[in-house]
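Engineer: Sequence:
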Amino acid sequence: MAPDMESASSRLAIAQRFGAISFCAGFVVVVVSLFLAPAHTFPSYLMSFIFWLGLTLGCFPILMLSHLVGGIWTAPIRKFLEAGISTLPAMAALLIPLFFGFSYVFRWTQPVDLRTAEVLERKEIYLNLPFLVARTCLVFCILGAFAFYLLRWSRRQKERSEPGPTVVLRRISAPGLVVFSLITSFAVVDWVMSLEPDWYSSIFPMIVIVNQVVSALALSIVLARALLLGPNQVSAGQLNQLGDLLLAFLMLWAYFSMAEILIIYAGNLPLEINWYLHRMRGGWLPVSWVLAGLTFGLPFFLLLFRQLKRAPGWLSGISVWLLVMYAVCVFWYVAPTFRASISLDWPDPFTFFGIGGAWVLVFSRQLIRSLGMIGVSGEAANP
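Number 359 in the numbering used here belongs to position 371 of the sequence shown; there are no gaps in the numbering.
Calculated directly from the structure, the hints in this document are not laboratory data.
Keep in mind it's a predicted model, so treat the numbers as computed, not measured.
One thing to keep in mind: the hints can contain errors.
Unchecked claim - Listed next, with one range per pair, are the computed distances between beta-carbon atoms:
hint: 1; residue 1: 300; residue 2: 261; range: 41 to 47 Å
hint: 2; residue 1: 292; residue 2: 90; range: 42 to 48 Å
hint: 3; residue 1: 236; residue 2: 121; range: 32 to 38 Å
hint: 4; residue 1: 261; residue 2: 282; range: 21 to 27 Å
hint: 5; residue 1: 169; residue 2: 271; range: 32 to 38 Å
The beta-carbon is built from N, C-alpha and C at its ideal position, and this holds for glycine as well.
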């Protein structure tokens, strides 16, 4: 094996060991805390699950887009995206504990005030536990089918020189983007928006989905910088295209977010503004300003410079920062529902690293299996 491949393999082996240790240690603590302090642990578990599932889901649209349009930018990150969607079965298994903590997570399962009761009565057909479980299972089954066929035909694409697998991947990806957007929107409504059942927004699911895409693309850029070494190193042109794509999705996220705030502010309706009011009290307002300035403002400014997008260190640094801010975003989306003031609860690190350990373990194992196929030469890209 070439020295650069050995270096990448050793780094992945370290990540795999870290994931295994983190998962085992976190799993023990989380299981115990689910019994001893369920009111604290289940909301924390949900936040961590949403973060790591977001990285998995964010890989789907980028991978499908790469099969549709091709281009040199697809080659450096294709394997990372495929490893990302391969974590879906593990995330489905990690979702199961939440099924036993609905009463600690969803307010609409408990007695509520009169105004909220009137809202829930109108939403009873949709907001009921059997239907929620059925929808969630359906979402994972559909996504699992897409993941299976994308990975299967991607392997055939690399094994054969004929254009057949490439055509099939395009035919899967075209409707796949539409289906993914629809079913993932339902998942966001079920597991994020319904935490505050008297609130509604037609654009919020797309805000979350685009945020997931930004985080998955950022992770792929970081890994391309860390693992693609020597002759497989990402070229300046490829980095520039990845930076442009990152900037485009970041601007789309900001556009959706600003549009929602302006519409809700102009409408000034109680059932719409309460969600934002919860995030402007108890110390949450500074977090809101941080998200506006540091999730969009700073990366947007830096990504405007072509020389920074073509510099591996700068682009990977911006990507790491976006991953950190994605974690803050998820915390801001979910935590105010359960915490009147900004704070970290003691189960937070255990659930984060426990679920994250499982994700990293599966992800790195998949990458190790396909290490020999990682490269940035033209053969990995669509013709």
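Engineer: Look at each hint and say if it fits the structure.
Structural biologist: These are the hints, each one checked on the structure:
| no. | hint | in the structure |
| --- | --- | --- |
| 1 | 300 to 261: 41 to 47 Å | holds (44 Å) |
| 2 | 292 to 90: 42 to 48 Å | holds (45 Å) |
| 3 | 236 to 121: 32 to 38 Å | holds (36 Å) |
| 4 | 261 to 282: 21 to 27 Å | holds (24 Å) |
| 5 | 169 to 271: 32 to 38 Å | holds (34 Å) |
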